[in-house]
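Colleague: Residue 361 in the working numbering sits at position 341 of the sequence shown, with consecutive numbering throughout.
Please keep in mind that the hints were generated in silico from the structure rather than gathered at the bench. Glycine residues also receive a C-beta, built at the ideal position from the N, C-alpha and C atoms. Please note that a few of the clues may not be correct.
[What the hints assert, rightly or not] Straight-line alpha carbon distances no greater than 16 Å define the calculated EDC-like cross-link-like pairs of lysine to aspartate or glutamate that follow: (1) K170 <-> E188; (2) K86 <-> E306; (3) K296 <-> E306; (4) K373 <-> D390; (5) K317 <-> D249; (6) K373 <-> D203; (7) K317 <-> E283; (8) K86 <-> D67; (9) K305 <-> E77; (10) K373 <-> D207.
[What the hints assert, rightly or not] Restraint-style ranges between C-beta atoms, simulated for each label pair: (11) N284 <-> S331: 16 to 26 Å; (12) M138 <-> N333: 17 to 27 Å; (13) D67 <-> S297: 32 to 42 Å; (14) I32 <-> Q135: 50 to 60 Å.
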Amino acid sequence: MNINIHYDGKGIRHMAIIGELDTREKIQQLLSHMEQNIEETHITFFDSSILHWSIIEKLYALQKHKRSRVFVLKPYLYAYLSKIGIRSYYVAQEPEGCKKESEVTTRNSKALYAQQVMDFLTAIYDQYGYDYTQYQIDSIMRRIKLCMLKENIQSFEVFKRVVLENEEVFERLFLDFSINITDFFRDPEVFAAIRDKILPYLDSFHHIKIWCAGCSTGQEAYSLAIMLDELNMLNKTQIYATDINPFVVEEAENGLYPLAGIENNIRNYRNAKGSKSFMKYFKVKETYMEIDVRLKKSILFFQHSLVNSGSINEFQLILCRNVLIYFSPDLQKNILKNFYCSLNQNGFLILGKREGILNNGGHQYFCNYDPENRMFRRRALKEA
21 MNINIHYDGK GIRHMAIIGE LDTREKIQQL LSHMEQNIEE THITFFDSSI LHWSIIEKLY
81 ALQKHKRSRV FVLKPYLYAY LSKIGIRSYY VAQEPEGCKK ESEVTTRNSK ALYAQQVMDF
141 LTAIYDQYGY DYTQYQIDSI MRRIKLCMLK ENIQSFEVFK RVVLENEEVF ERLFLDFSIN
201 ITDFFRDPEV FAAIRDKILP YLDSFHHIKI WCAGCSTGQE AYSLAIMLDE LNMLNKTQIY
261 ATDINPFVVE EAENGLYPLA GIENNIRNYR NAKGSKSFMK YFKVKETYME IDVRLKKSIL
321 FFQHSLVNSG SINEFQLILC RNVLIYFSPD LQKNILKNFY CSLNQNGFLI LGKREGILNN
381 GGHQYFCNYD PENRMFRRRA LKEA
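Could you put the whole structure together from the sequences, leaning on the hints where they help?
Modeller: Here you go:
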């Protein structure tokens, strides 16, 4: 990482942050520059798609006193800062090779065919290491078309070449492939059922391990931590929360969430049989809220692919909600087998409301526990 600093004729300090802020030393280096008492600072982040919570808090403080402007070149960072109320300016860049191709006329545009897309997905795996070849093909095709529209590229062959040659364009396609719809206590009746039907059993263990697979930006994992805290079980629980998207993993680690929509979160919490005040678990700023550090310490967030990373550890409970629906039945079966291998005897699996174990071979590994809330229990070894 490089920090380039210069002052213009008006005395405004301009800081250009080039490279990733991926170590404590780099974060502290930037914070030390931001601590200096300068009248006005303009900060440009060239390569960062996410920022550490301590940097965000400093940006918030500077903007509160009208002493900074923030410029970003990565769309994910711009969206994240906007979501939590940090004003920033997006500097759009046209990737090399796109400008000329964006002028391709519609007569060169062709309908997408499944085999074309499968060849493209194989090339993506070879180039970048992300395997989408067993995702639901219709969903993938819709997301490719959406990305082509945003990139203003009409020819699939041109789009394919640009993605494979330009990592920034692939990053934007990667974000379109990622599914990040979540909320605190989403489907509160499921969390109420976890509280009543699963946690009393887990409380018999001296140490509890829970895996939130496909954790997105962390609300599900933090919702579990809140529930465990209210039942005096948090101090003996370790929650593992994983996602294929490294940006949402870092966002989850930050634990910063917008105040917009807080009424729905509070309503979900109450419907999930929350027994205290939802807001007691947050430190509130004007535009966002930060999760209690006690809850942060109970959760280990890390990047993990359900497609090719295999099983991990031995858990009493796994949640993987609203993820399998984007995978083919064969891939669903492989993932369910990995979940089976990752659970201890009599462990629980919770899927999304539109997911199940009948059409993907999952009944070999799991039996119904609470079908209405998509709760399943691991079969005994002799049954599987």
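Colleague: With reference to the structure, classify each hint as holding or not holding.
Modeller: Going down the list of hints, with the structure as the test:
1. K170 <-> E188: 13 Å, holds
2. K86 <-> E306: 15 Å, holds
3. K296 <-> E306: 23 Å, violated
4. K373 <-> D390: This hinted pair holds, its Cα atoms lying about 12 Å apart.
5. K317 <-> D249: Status holds; Cα separation ~12 Å.
6. K373 <-> D203: 15 Å, holds
7. K317 <-> E283: 26 Å, violated
8. K86 <-> D67: 25 Å, violated
9. K305 <-> E77: 9 Å, holds
10. K373 <-> D207: 9 Å, holds
11. N284 <-> S331: 16 to 26 Å: 35 Å, violated
12. M138 <-> N333: 17 to 27 Å: 33 Å, violated
13. D67 <-> S297: 32 to 42 Å: 40 Å, holds
14. I32 <-> Q135: 50 to 60 Å: Given about 55 Å between the Cβ atoms, the range holds.
The earlier numbered hints that this structure contradicts are 3, 7, 8, 11, 12.
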